[in-house]
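The primary structure of each chain is shown beneath.
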Amino acid sequence: MSTSNDKKADKPLSVFQRRWRKFKTLKRGWYSFIALIVLYLFSWLNPLFFNNEALAVSYNGEMRYPVFADHIEARDLGQRKIGAPDYRALKLQYAEEDAGNYVILPLYPYGPLENLLKDPTLDGLRPPTAPDSNHFFGTDDRGRDVLTRLVYGFRISITFALGMVLLSYAIGMTIGAIFGFFGGKIDIFGQRLVEIWAALPFLYTVIIISSIIQPSIKILIPLLAIFSWVGISFYMRGEFLREKSKDYVAAAIAIGEPNRRIMFRHILPNALTPIVSFAPFAIVGGISSLVSLDFLGFGLPAPTPSWGELLNQGISHINSWHLVVFPLLALFVTLLMVVFIGEAIREAFDPKVFSRLR
Amino acid sequence: MTKPILEVKNLHTYFDVEGQTAKAVIGVSFDVMPNEFLGIVGESGSGKSVTSLSLMRLIPDPPGNIAQGEVIFEGRDLLKLPIEEMRKIRGRDMAMIFQEPMTSLNPVATIGKQVCESVILHENLGQAAAEDRAVKVLTQVGIPDPRKRLKDYPHQFSGGMRQRVMIAMALICQPKLLIADEPTTALDVTIQAQILELMKEVQSLRPGSATILITHDLAVVAETCDRVIVMYGGLIQEMASASDLFRDPKHPYTRGLMGSIPHEDDRGKPLYAIPGNVPSIMDFPKGCRFCTRCDVVMERCENEEPELREVGPGRFVRCHLEGLDTPATSNTEGN
Chain A
6 MSTSNDKKAD KPLSVFQRRW RKFKTLKRGW YSFIALIVLY LFSWLNPLFF NNEALAVSYN
66 GEMRYPVFAD HIEARDLGQR KIGAPDYRAL KLQYAEEDAG NYVILPLYPY GPLENLLKDP
126 TLDGLRPPTA PDSNHFFGTD DRGRDVLTRL VYGFRISITF ALGMVLLSYA IGMTIGAIFG
186 FFGGKIDIFG QRLVEIWAAL PFLYTVIIIS SIIQPSIKIL IPLLAIFSWV GISFYMRGEF
246 LREKSKDYVA AAIAIGEPNR RIMFRHILPN ALTPIVSFAP FAIVGGISSL VSLDFLGFGL
306 PAPTPSWGEL LNQGISHINS WHLVVFPLLA LFVTLLMVVF IGEAIREAFD PKVFSRLR
Chain B
235 MTKPILEVKN LHTYFDVEGQ TAKAVIGVSF DVMPNEFLGI VGESGSGKSV TSLSLMRLIP
295 DPPGNIAQGE VIFEGRDLLK LPIEEMRKIR GRDMAMIFQE PMTSLNPVAT IGKQVCESVI
355 LHENLGQAAA EDRAVKVLTQ VGIPDPRKRL KDYPHQFSGG MRQRVMIAMA LICQPKLLIA
415 DEPTTALDVT IQAQILELMK EVQSLRPGSA TILITHDLAV VAETCDRVIV MYGGLIQEMA
475 SASDLFRDPK HPYTRGLMGS IPHEDDRGKP LYAIPGNVPS IMDFPKGCRF CTRCDVVMER
535 CENEEPELRE VGPGRFVRCH LEGLDTPATS NTEGN
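These protein sequence lines map, in sequence, to chains A and B. For the first sequence, the numbering used here begins at 6 and goes up steadily by one. For the second sequence, the numbering used here begins at 235 and goes up steadily by one.
Isolated chain A, as found in the complex (with noise of 0.2 Å):
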């Protein structure tokens, strides 16, 4: 305790700063912290490691990077074939020909949207195939690639979660704190509206919506958004009822301060408690709800690689287990390592020392 003590001297800790160290202490969180979000930002250079583009390509002397370019053609690089090139193809070609031109594929050559049925590495059988040399974890019914459609899933599943709880933590905070804050009749008929919005069956008016439009990431974020806002204003709520009455609210007042600035400058930051533990179990339940979605068809539009797809194709195919194994194995990982980031948080946020939990 005494090396504490000392650092408190001169740098002083903040109570989230204080927590800040208390998570980090905790290993199984802090550990599932670090490689999901390391993951989550590898994933955003998902491109150029599983790609059916190649990175380079040198013809006749001449460098392309077709990962980075917008549109090139077969012609243009010597293959005789129209539209856009089949680099593995070329690659071949190339050797073939033995000319100095060559071809730099990322480390996984098949891409998340490119039907396999006519490479040679499916070799005419009939896809879903099981895992080969090539296919780590098979292809599905069309002949897409297992592997590269999960790793482009993370990003979206992460992606989507994350959009969906800032957005519904941000509905739900200004809401649960203007009653909070206001009280009175304020309080009293907003809360019966919330009961009323809360009473509608969300995924009905889900599946209704995105049966007329054809829901994309942008509209799905806020379409579930608004559903599911409701549980956190009713924390914010309590804790901006609680946290009003004492007396730094009245100081702030006595010194003319408009209500926006105490509600947010001085009341929210002393009410993130709930929040900030809630929000890894959010996260999973954005990722489930995107799975749910998807598995039911209601989800992102067809070629969108996605886990609920992919489950959904292992229904069907119930013989082709890679299809079932690998993307519940994925959820299943991916969603435990957020309960274990939620489990550290809400022992970081324990005023008590000792717990059994660790």
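Note that these hints are calculated values from the structure, not bench results. All C-beta atoms in this analysis are idealised placements derived from N, C-alpha and C, irrespective of residue type, glycine included. Don't take each hint at face value.
[As the list claims (entries may be wrong)] Covered by chain B, according to a simulated footprint, are these stretches of chain A (three or more residues, beta-carbon under 8 Å): (1) 246 to 256; (2) 259 to 269.
[What the hints assert, rightly or not] A few chain B residues facing chain A, derived, Cβ under 8 Å: (3) Arg324; (4) Gly376; (5) Asn511.
With chain A fixed as given, assemble chain B onto it according to the hints.
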């Protein structure tokens, strides 16, 4: 005669309690003069805090409301100002120090942020300029090494230091009127003396300004105040300069309060206390509000409420005995 900074006229503040009206302040009128240190004394429930909160319009509404009266500050009736105007006055022209330094500071914001808040808000100062001002004020209130402590959080300060920070927060805009609601109640006696000394000192730094000190502690009043208002049951019972009041308390309640101060000569004797309790705010007697506990009560007191009468220059007393020639006999020998 100099113009008062603040004139309170016939202030009534009521609270709705389960359908009934609790009259917390009934027709309080007083002036605050420039350079004055005014004390308001009374037991719990006497209406002194509600009076001070009413001046700043900090009464939570509902359940409370200021039913009638005027609070004239710089020629304007604060009670009729739109709330936006009132916000500009709060903190800039009138500031308040609260009783509990332990809870009156936001636990998750640094001291610097909280002290600067008011100047940034009212004077549109930039962060750096505001911090310089904060350092200046914190030095005035006696925080050692203020530049460094700006980055500290409230939990790193002791109670007395936090009260100093509260005073700095209130003073940073150089308000003309400072209202201190029991600023020393939560502090040790030694710290109490320091804080009172500090409040006198900062008063002298702002010429023309005034301080209202609300307290239940007559000793505090004796040390600091120029003029004293004694409240009981939501009414002013006695108003006098501090020296007059302590030399010759007129109202039986004031005498009772003074008699309740333990004295060294009385060692071994039981401590004196005013008999009985403050009646519930709903059932004060019809006549004099103090008649249930008064040691010189007369029949008249129970039926007829006395007026607040001027019995000398600047001396007001609300008692039927005043004006009668027989001096009140009391068993307290108020000192």
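Against the structure, test the hints numbered earlier, and report the numbers of the ones violated in rising order. As far as the earlier hints go, 4 and 5 are violated by this structure, in ascending order.
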